[in-house]
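Participant: In case you want the letters, here they are:
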Amino acid sequence: MSVANVSDCRPKTVRLRYFALLREQAKRDNEVRATTARTCAELYFELQKEYSFPLPLSQMKVAVNEEFVGPERPLQAGDEVVFIPPVAGG
Amino acid sequence: MKICQFSLSAEPLSPVLLSRALSDTAAGAFVSFEGWVRNHNRGKTVVALEYEVYQALALKEGERIVAEAIAKFGLIGAGACHRYGLLGLGEIAVWVGATAPHRCQAFAGAAYIIDEIKHRLPIWKKEYYATGSTAWVHCSEHSH
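If you read the sequences in order, they're chains E and U.
For the first sequence, this note's numbering assigns the number 90 to the last residue and increments by one with no breaks.
For the second sequence, this note's numbering assigns the number 144 to the last residue and increments by one with no breaks.
Note that these hints are calculated values from the structure, not bench results.
Computed from a prediction, not measured in an experiment: that's the story for all the values here.
For glycine and all other residues, C-beta sits at the position ideal for the given N, C-alpha and C.
As a list, the in silico DSS-like pairs of lysine-lysine whose alpha-carbon atoms are at most 30 Å apart:
1) E:Lys27 - E:Lys49
2) U:Lys126 - E:Lys61
3) E:Lys27 - U:Lys60
4) E:Lys12 - U:Lys60
5) E:Lys12 - E:Lys27
6) E:Lys49 - U:Lys126
7) U:Lys126 - E:Lys27
8) U:Lys44 - E:Lys61
9) E:Lys61 - U:Lys72
10) U:Lys2 - U:Lys60
11) E:Lys61 - U:Lys60
12) E:Lys49 - E:Lys61
13) E:Lys27 - U:Lys44
14) U:Lys118 - U:Lys44
15) E:Lys27 - U:Lys118
16) U:Lys60 - U:Lys126
17) U:Lys118 - E:Lys61
Residues of chain U clear of chain E, computed beta-carbon distances all greater than 12 Å:
18) Pro15
19) Arg20
20) Ala21
21) Leu22
22) Ala26
23) Lys44
24) Leu86
25) Gly90
26) Phe107
27) Ala108
So that you can see chain U by itself, here it is in the shape it has in the complex (with noise of 0.2 Å):
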């Protein structure tokens, strides 16, 4: 049975707890991605994140994202997570795990994941900016 696992928090991530459950003796490889709050976009100080998210959906979206990972790449197996809420500096927004017989499918799986995860899953980003502004930005307007 592969693990696939997609989740929304709105409490922190544990980055130990998360890639616990992808433990799996067949596994060769294990490779993560932690997408962590910046405090600069586009020139701006930013001070803290926003995410909003359209729970239903983004659920169902985020475990056919994981799967087509899994099928795509023949990943022993693979999991995600992404907070939504109030975010401070270095946090970590997003959690990306997947896992393979060899690197090479873990590497492609893991980036598979979380770049599909940016254009599809439907949840949005405000940025608060050291001067008291703050904006919707969304994936075509910022450098990945």
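Isolated chain E, as found in the complex (with noise of 0.2 Å):
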């Protein structure tokens, strides 16, 4: 196994940030969260094992730092991760 690899696999830390629907599912509006997750998709199936989030990946945007990005962007330690379920603007 590769550097890279192995560094890929340690859990690093990064920062939820949770809106609307998926904030009062997991009752807090942030959060500071070590894990192991390689990407934001895998971010969020951990996270909808713990807070029962009932859409799918699919309905969802991601943001990192403040910029949308696809679901399979690799997590950095460090990042602020939102996901965004279906918006309602007007």
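Can you join these two chains into the complex? Each is in its own frame, and there are hints to help.
Facilitator: This is the structure we're talking about:
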């Protein structure tokens, strides 16, 4: 196994913010979490198990460090991650 | 310098002030749109709305939407402002304004901005019903 893969498996600390439906379901508006998830998608599956989020990842958008990203974006220590449930402006 | 403004407000919106910021003697047309808090949705009586917003990303995305409309339709200027927090019936939830040399561009630009806001802005709407219950709604669930 390469050095890069080994470091991928170590827990890294990320910050999460929750809004709307997810905030109510998680019963918090933010948390600092140590995770072994390698991507945003893996992190969402981890959170789904813990908080029973009913919405599938396919209905969510993802933002990291205040920009939209794809769900397969690799997680890095210190990232601020927001899962965005379906929106309703106007 | 084209005017391209997007803002979020916890206070009631003032269409007079918002439209004044777009005044330009090169404009032959100004189109504005106001989204109002309606007393019903999907057969239920609505008594209030609450908007929750991811401010940092909403400001960026809102500015991108307004800039896209200016580039796409050759607008002279455009702006939009979205309320957040608790709103009563009849209040303005969102304001959009677009100026252009001619009306077609201004109509199209304003329509583009409100359509994109509904689908892309990270803002969520909770409806408060006369029955005492509440629900988060999203744009695919109700008619525009």
